[in-house]
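Protein chains in written order, with my numbering: chain B, 75 to 459; chain L, 48 to 432.
Just to be clear, a hint being listed does not mean it is correct.
Claimed, not checked - Simulated restraints, written as ranges between beta carbons of each label pair:
no.	chain 1	residue 1	chain 2	residue 2	range
1	L	Ile49	B	Asp423	44 to 52 angstroms
2	B	Asp423	L	Asp61	20 to 28 angstroms
3	L	Arg220	B	Arg193	29 to 37 angstroms
4	L	Gln295	B	Arg193	22 to 30 angstroms
5	L	Phe173	B	Arg120	30 to 38 angstroms
6	L	Gly168	B	Gly366	30 to 38 angstroms
7	B	Gly142	L	Arg393	47 to 55 angstroms
8	B	Arg120	L	Gln245	35 to 43 angstroms
9	L	Glu340	B	Gln298	53 to 61 angstroms
As the list claims (entries may be wrong) - Derived pair list, reagent style DSSO-like, types lysine-lysine, alpha-carbon separation capped at 30 angstroms:
no.	chain 1	residue 1	chain 2	residue 2
10	B	Lys419	L	Lys141
11	L	Lys87	L	Lys75
12	L	Lys75	L	Lys112
13	L	Lys75	L	Lys397
14	L	Lys343	L	Lys87
15	B	Lys168	L	Lys75
16	L	Lys112	L	Lys87
17	B	Lys424	L	Lys87
18	L	Lys397	L	Lys343
Calculated directly from the structure, the hints in this document are not laboratory data. The structure presented is a predicted model; accordingly, all values stated were derived computationally and were not measured. We treat Cβ as the ideally placed atom computed from N, Cα and C, and that holds for glycine.
Chain by chain, the residues run as shown.
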Amino acid sequence: MIACQRPLFDVPEDIAFFDCAALAPILTASRDAGLVGVERKVQPWRVRSPQRIAEPDRIRALFAGLIGASAQDIAIIPAASYGIATAAINLPVKAGERIVVLQDQYPNNVLPWIMKRAREGAELVFVARPADDDLTTGILGAIDERTAIAALPHCFWADGTLIDLAAVGQRCREVGAALVVDGTQSVGALPFDVAAIRPDFLIVAGYKWLLCPYTFGFLYVAPQRQGGIPLEHSWRDGMLEGWGVDWRDGHLDYPEGWQPGAGRFNMGETANFISTPMAIKALEQVQAWEVGEINASLRRITETIIERTSNLGLTAPGADHRAGHMTGLRLAPGAKRRDFDDLQKRLEDKQVYLSVRGDFLRIAPHLHVNDADIDRLVAALADTL
Amino acid sequence: MISCQRHLFDVPDDIAYFNCAAFSPILKTSRDAGVIGAAKKAQPWRLGNFEFEEEPARAQTLFAKLIGAQAQDIAIVPATSYGIATAAANLPTKAGQCIVLLEDQYPNNVLPWIEKAERDGAELVFVARGEGDDLTAGILDAIDERTAIAALPHCFWTDGTLIDLAAIGRRCREVNAALVIDATQSVGALPFDVTEIQPDFLVVSGYKWLLCPYTMGFLYVAPQRQDGLPLESTVRGHVQKDGAAVWQNGHMHYPVGWQSGAGRFNMGETANLISLPMAILALEQLHAWDVGEINKSLRRITETIIERTGNLGLTAPAVDHRAGHLTGLRLSAGADERDIEDIQQRLAEKQVYLSARGDSLRIAPHLHVSDEDIDRLVSALADVV
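Could you put together the complete structure from these sequences and hints?
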């Protein structure tokens, strides 16, 4: 169990912040790396080409280490939508084939598949949530020989209901379906092992559970998918290895091949001078803490809150289906929905921050949260509900 | 004519920096905005509409004004390659049709067309440099009824040889060809007017002549092309009031239509908390200076250098075809690229910075350049050439 890490963040004592599933605070070490990064292009002659290669390579290796992959399986992308779009153009579907998603799944991993349905005639299957919160059984039941793609998260974005992706991955391989995982609400705070789950594509936006800056994310591409087509044809970031301009006999020599591994899927201008060093500091810290330990420590926080708010008529997902690092509290059946109206705003007035998402009061702490924050959240909920 | 603006930059007196066609220095005001931006996500509860809506809109407005367009015609992209990929995905070509490019054109506006030509069976036409550095005549000659797309810059990237894009735009419209401009080496330092040139797509990476941070660029999409398909399906690209996920009657409601205007083409996580405020200050300063004035002032610098190095056996593009803000000095016949790279290296040792590109020493000043810098460049060249 990791003790409260408040000194590594810049969160004042009077702020109780439980909204990391929206935007997590960055570490002060990342902020400081960002300040150095901002200075670099003030004096661009000091930016050396090797730096521009070394930093992206370093962050790819750090992210790969989090999910049991190799650095060369990782591409740097701006957002989850970019990664899902890359997966979507590389996974053909035929008319009548199915794409399996969850009901109410986060739109970034639904909209591209709705478009694919419109263009290629695939069918979209939305798996509903059962009363017992067992999403996995429903998903396994929906994946069959007609399934081309299962596009899923590791846990439900509004309340952290866990999905057994190892079982889903196995089922996908049995029926020859591709598995696309949006790990934005889990990787970094919930262990993920590509060797166990074997996704074809895994996409993670960094600004939540990876404590990265906004507009910075990662795409894992399974080795057998690395021959695919990237969204961009970026000369330096997808094709050349290095920064040299090749002239031959007075003419420019255009590269014909792609970078090995997932490098071809890198966004253009990959080597963001500011965000990359910030992200490096964040992932180094996540690795130092260790994801399993992060999960156990955040689980202690969410379990404490679930327990201490149960007398307010709030219910969490079933105990067997909790991702741990985040949770969502729902009003008990019969409670009036209007109790949730303006709740987020009323809590903000008390400097207690979380998100209301549909019927869910989403509670998403990180290691900056201390016991006093938990007390304030519980007391504020008792006051406002 | 704008006098030297060194005080707005942080370029020490002993640095003579003429490498803005590679990376321009950012302004001190942009740096200060970046310092604030880098700290913002340390306290995410303070972020809101200003960062996620107003700042992207402000950057789009400022860029639009630079090229005579409307804010709704502009998308924010990470890199040139992203913008060209968007254009390529939305301009169908048929077998036997032609795509017109320049010989030795910058790869980001060539590689996607090589791929497209292979896939669609189109033909690539590389226009060679004509007598007297007249690129325009050759391009006009190459564009005919078979031309589907002309994909060109406003000036040649190694030496600033100017292309008459208004004439080319007219020719494209006569034969129904689309015009795609990579203006990364010109917009911000050479006047560009979309009402006159009428491109279908215009892409600009910001880190050169827009004095923006790296990984920050702009895409202009002509109104008649705005119903195209973006590379990504973002939530914000779709019709939705506030960009937030919408719950209705206990379930997620997925938007079906796209936003009007070029907003659908925005990259995912558009609202970069650090780069956008930096870019806004840079674009505001460009407007305050005025692009026409910037061009004149930089032209005075490049013309002075051309004149004072004439006795060293260096030749610039013919006087009628100079973009002005950027020039390339060619070594006398017999020199090869190794000689040129060696010169670049020896100049860098004297803290005089420029780039060796092809057979040219590329000289790309901005308004930080002082008369002393010009003296140092000229005497350093006299020493090493």
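Against the structure, the hints come out as follows:
Distance hint check for Ile49(L) and Asp423(B): the Cβ-Cβ separation is about 50 angstroms, which falls inside the suggested range of 44 to 52 angstroms. Here the CB-CB span from Asp423(B) to Asp61(L) is close to 55 angstroms, at odds with the stated 20 to 28 angstroms. Take Arg220(L) and Arg193(B): their Cβ atoms lie about 30 angstroms apart, and the range 29 to 37 angstroms holds. Taken as a hint, the range 22 to 30 angstroms holds for the pair Gln295(L) and Arg193(B), whose Cβ atoms sit roughly 26 angstroms apart.
Range check, Phe173(L) to Arg120(B): about 37 angstroms between beta-carbon atoms, so the 30 to 38 angstroms window is met. The supplied range of 30 to 38 angstroms is broken by Gly168(L) and Gly366(B), whose beta-carbon atoms lie about 53 angstroms from each other. In this structure the hint that Gly142(B) and Arg393(L) lie 47 to 55 angstroms apart at CB holds, the actual value being about 48 angstroms. For the pair Arg120(B) and Gln245(L), the beta carbons lie near 41 angstroms from each other, so the given range of 35 to 43 angstroms is met.
At about 56 angstroms, the beta-carbon gap between Glu340(L) and Gln298(B) stays in the expected band of 53 to 61 angstroms. The straight-line distance between the Cα atoms of Lys419(B) and Lys141(L) is roughly 56 angstroms, outside the 30 angstroms bound, and the hint therefore fails. With a CA separation close to 19 angstroms, the supplied pair Lys87(L) and Lys75(L) stays within the 30 angstroms bound. Between Lys75(L) and Lys112(L) the alpha-carbon distance is near 23 angstroms, which keeps this suggested pair within the 30 angstroms criterion.
Of the pairs offered as hints, the one joining Lys75(L) and Lys397(L) holds, with about 25 angstroms between alpha carbons and a cut-off of 30 angstroms not exceeded. Restraint check for Lys343(L) and Lys87(L): the C-alpha separation of about 38 angstroms exceeds 30 angstroms, so the hint is violated. Taken as a hint, the Lys168(B) and Lys75(L) pair is broken in the structure, with Cα atoms around 54 angstroms apart against an allowance of 30 angstroms. Our distance criterion of 30 angstroms between C-alpha atoms is met by Lys112(L) and Lys87(L), whose separation comes to about 28 angstroms.
For the given pair, Lys424(B) sits about 21 angstroms from Lys87(L) by alpha-carbon distance, which is consistent with the 30 angstroms threshold. Between the alpha carbons of Lys397(L) and Lys343(L) the distance comes to roughly 28 angstroms, so the proposed pair stays at or under 30 angstroms and holds.
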